[in-house]
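Asks: Listed here are the chains, written in short residue letters.
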Amino acid sequence: MNPFSFVRANSPKAAIDAVSKGDNSRFIAGGTNLLDLMKNGVMQPEKLVDINNLPLKDIQLSKDKLHIGALALNSTVAADNQVKAQFPLLSQALLAGASQQLRNMATVGGNMMQRTRCSYFYDTAMPCNKRQPGSGCGAIGGVNRMHAIFGASDKCIAVHPSDMCVALVALDATVLVTGPKGERKIPFADFHRLPGDTPEKDNNLGKGELITAVEIPNNPYTKNIYYLKVRDRASYAFALVSVAAALELDGNVIKSARLAMGGVAHKPWRLAAAEQSLIGKTATEENFRVAATVAMENAKAYEHNSFKLQLAPNSIVTALLKATSV
Amino acid sequence: MRQDKNVGKPLDRVDGRLKVTGGAKYFADNHMEDLQHACLVCSTIASGRIKSIDTKAALHAPGVLDVVSHLNTAPAPGYKQPDGKARRQLRIFADDRIYANGQPVAIVVANTMERAVYAASLVKIQYEQEVHHTDMRANDKAAYQTDRMKDYVRGTTDAWKTAPVQLEASYSTPIEVHNPMELAGIIAKWDGPDNLTIWSKTQGVKNSQVALREIFQIPDQNIVVHSPFVGGGFGMALRIWPHEIATIIAAKKVGKPVKLVISRDQMFTMVGHRPAADQKIGIGATQDGQLVGITHEAIASTSTYEDFTEAITSMSRFMYACPNVNTRYKIVPINVCTPIWMRGPGEATGAFALESAIDELSYKLGMDPLALRVKNYAATDPEKNLPFSSNYLREAYEMGAAKIGWNNRPANPRALKEGDWFVGYGVSTGVFGAHRGKASAGAIFKSDGSLVVQSATTDIGPGTATAMVQIAADATGISPNHIQFQLGESTFPDAPEQGGSATVSTVGSAVHDVCQELKTKLLELATTHIPDFKNSTPENSTFENGYLVTAGDAGKMEISLSDILQKSNTPVLQVTTTSKAGDERKKYSMYSFSVHFAKVHVHASTGIVRIKHVVSVADSGTIVNSKTAASQMIGGVVGGIGMALTEEAVLDHRYGRYANNNFGDYHVPVHADTPPTDILFINKKDPVINPMGSKGMGEIALIGFAAAVSNAVYNATGKRVRDLPITPDKLI
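Taken in order, these protein sequences are the chains called A and B.
If you want my numbering, it's the position in the first sequence, counting the first as 1, plus 240.
The second sequence: position 160 = 156 (my numbering), numbered continuously.
Don't read these hints as lab results, they were simulated from the structure.
It should be emphasised that the depicted structure is a prediction, and the values quoted were computed from it without experimental measurement.
Each hint should be verified, as a subset may be incorrect.
Unchecked claim - Label-pair distances were calculated between CB atoms; the ranges are:
(1) A/ALA319 / B/LYS15: 27 to 37 Å
(2) B/PRO672 / A/GLU537: 53 to 63 Å
(3) B/LYS608 / A/LYS324: 21 to 31 Å
(4) A/GLY381 / B/ALA375: 51 to 61 Å
As the list claims (entries may be wrong) - Cut-off 25 Å, straight-line C-alpha distance, at most; resulting in silico cross-link-like pairs (DSS-like, lysine-lysine):
(5) B/LYS563 / B/LYS552
(6) B/LYS146 / A/LYS562
(7) B/LYS552 / A/LYS279
Even glycine gets a Cβ: it sits at the ideal position worked out from N, Cα and C.
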């Protein structure tokens, strides 16, 4: 780990100023990912700006939306009664991620900011365009069992590791940010990026911009929901594939649907076309299978992850069946 | 004397309180004046030479004392000696050769750990890269045989091909890394040019002492090794490794004690691993399931500089009553560090293949796989042609089958479903040699009635001291509360490393014997110095509850053992005994046996495997401590779950570098992977092996387990996974 300076900010403005000034300064909240990256020499910030004192921890349900402060802990959100009752998909997704100890430290904003777990990104002796632009992608032609099947580029095939974000993109969340140029709102689906030619950029935050909250519009997805995470061990592993599924049913007819996947792309992967294919259909395995087929259009596998072409649609069907069988 | 009063009981660990309260001092917990901290710089190529090492920036970093490499230090004196062997241990700092990625090439010493780690990141090394091979299968033409592991033939070679029912199948197991929680490392302290003290993570303090004697050419008595607590080993600490030598050299060079704790990623590249193996089994039987022949061939990986061999094909030679068996085993050099035995070692690798093949054969025969095993039960060892000292396998099969509910197993695969999950049952057998080596123990009995027993063994987790206290208590009639067993110091009487499931047998026998010797001396003191007991003899006397009890003419007389010392003016009575096996090992074949049963669920559309219930039965002879023994078995089962379902060290062969060298990506089982586990013991004394009648347990806890899971997965799904680990992608 490189030597760095550490300051504690007492207001969002102070935090933003502190990070905007330096060339290589970072906000730190729970630090569950950033510290690992620093220990491995993957990230070497000169300055860390501790934002844990900022008043951004509240969880508030109003008549049209849920507001979650960026510093609310993953464990707090997962256990929140309003979240469990009105946004159970989010609670399930959070509990599928990491371990209780990590969830006790990790914040909602930090969860969005976590970086890929691609091993080439983590090993400074290997090439990685995300870590070191222009050095090449180690995963292409390498060990890529965990990697993307959607939206990858010839520069990067890494996946975003979050579970929480998969639920948030499915639930049409909005990210509230504030920065040197003021406040703005980013639709969740536009927050993270595909790698394209600039895989070093995980998201669309500008320099010095701070996530202050996430808002989720109220929705009817309180009952027929399921977050399925398929992984190599029963807990504490990143997803091979995960599926957030939410259905609004009228009897056995699907009025509306939300579907998103994790572990398949550089960003949480919303399955809009598959959702459309379900509307007005009956909730049957055949129709779910059709939706899964729609979802898999344009999927592309690499040497070691072709199993995801089968696992992903199977998981979509399984999650939808689980969502309807409650 | 009442026999076996303490042996068998679930005595709490004598060091349990220390361990859970942080009072146990592991090597890295030691602090001393002027202690410096080290960090290794490791190669980023897999084969070649170091062209240059730029240490300027590192040496200018705050707190840095030195950056030691082959460029600025003489090799250890033992490395200069010609040893006549072409293939030899990695000689750190002896030259510029790189044999593996992650090989330590320099060591940075600074006054804090953080500064050492940072400075290490500033060392820039230029290499001259050469072609490397890390893919064993791609390099299998380079396979060779060693003298240690010759071909074996009993009866006719490849006789299975003549059998009415035949099976031929290939199995593979990946490199696995031991990954105990405690990281490897050492504190090295020189007092003058020839006196070395180390605190290190080792499974054998005497091993370390001997190795250091050879490498540094200083006498044993000048080398002190401390390792009283070890945070898990699973085999990785069975030898001295280059990082230890590097630290010792650095400590001498800077003239101060130096501490090194290696990092998790370095645990993958410098302290051994379970080698990768490809195996092929040909097996044939008559229509009614009598085995006709077994052919077992294996190749396994080693490093490019040392031959590592283990007993991958051994089990096939004696496990079943089969007239024709032939085995062949070769090793393939690849550019990784030298492997080392990992729990269950080669036997666990081999058992996966053999016990999977037996299961596959059972379906071809239309026979219950348990019945097939019982039908081919070997009543005597067909390899050595000797009777077993004890073998309760058939009872073990019965006990385990009853406990798991084997009756519920469907005869055909894919026949039982609970909700979305296919249900299956599997069984497998494990076996490992029941060894007894040579060990010494010392007993120090004081006039306050306390007994201290010492031996230079170690405890990597099974509860060695607790078991030894129980053995000593029964041997002396002294309460366990008054007995302390001390280990992990090279100054104690000789004992081998803790490995190969032999500590209770080897060291326990020495403890037993030294206690007998102690009683002889106590009796001598009593007969010489205490008139009432002048006629006491071993025949008319017993040792009970801290008393010598003699049946005399006037009835029973007793005297406390502490009174014997006081009345004979003996403040301390000290005896030391060496103990080893005798001719019995030539007359009997000695093995521990295990039987593992697993019930699994396999999710039909995602391929997720959940082990729902495990029953493991051990035939280990006398169980010394029923609680720690059960814990040891459960630990082996958890390791077996890892081998079966999750563990695989993945190399990117383009770079010869591990791609999952951390606990996030190298998956050891977590609690959620660990099902209700029933441990059953045969607990019948082996009449031959040693005074306690205890066989080993550490290895059989794991050996065979992976096959039980794989067999259960087949029973559930009809899919045979022959390449471990059984991850979801292999089942969809």
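Asks: State for each hint whether it applies.
Replies: Against the structure, the hints:
1. A/ALA319 / B/LYS15: 27 to 37 Å: 32 Å, holds
2. B/PRO672 / A/GLU537: 53 to 63 Å: For B/PRO672 and A/GLU537 the Cβ distance comes to about 44 Å; the hint is violated.
3. B/LYS608 / A/LYS324: 21 to 31 Å: 28 Å, holds
4. A/GLY381 / B/ALA375: 51 to 61 Å: 55 Å, holds
5. B/LYS563 / B/LYS552: With a Cα-Cα distance of about 19 Å, the restraint between B/LYS563 and B/LYS552 holds, given a limit of 25 Å.
6. B/LYS146 / A/LYS562: Judged against 25 Å, a Cα distance of about 56 Å means the pair is violated.
7. B/LYS552 / A/LYS279: 71 Å, violated
In summary, the numbered hints that this structure violates are 2, 6, 7.
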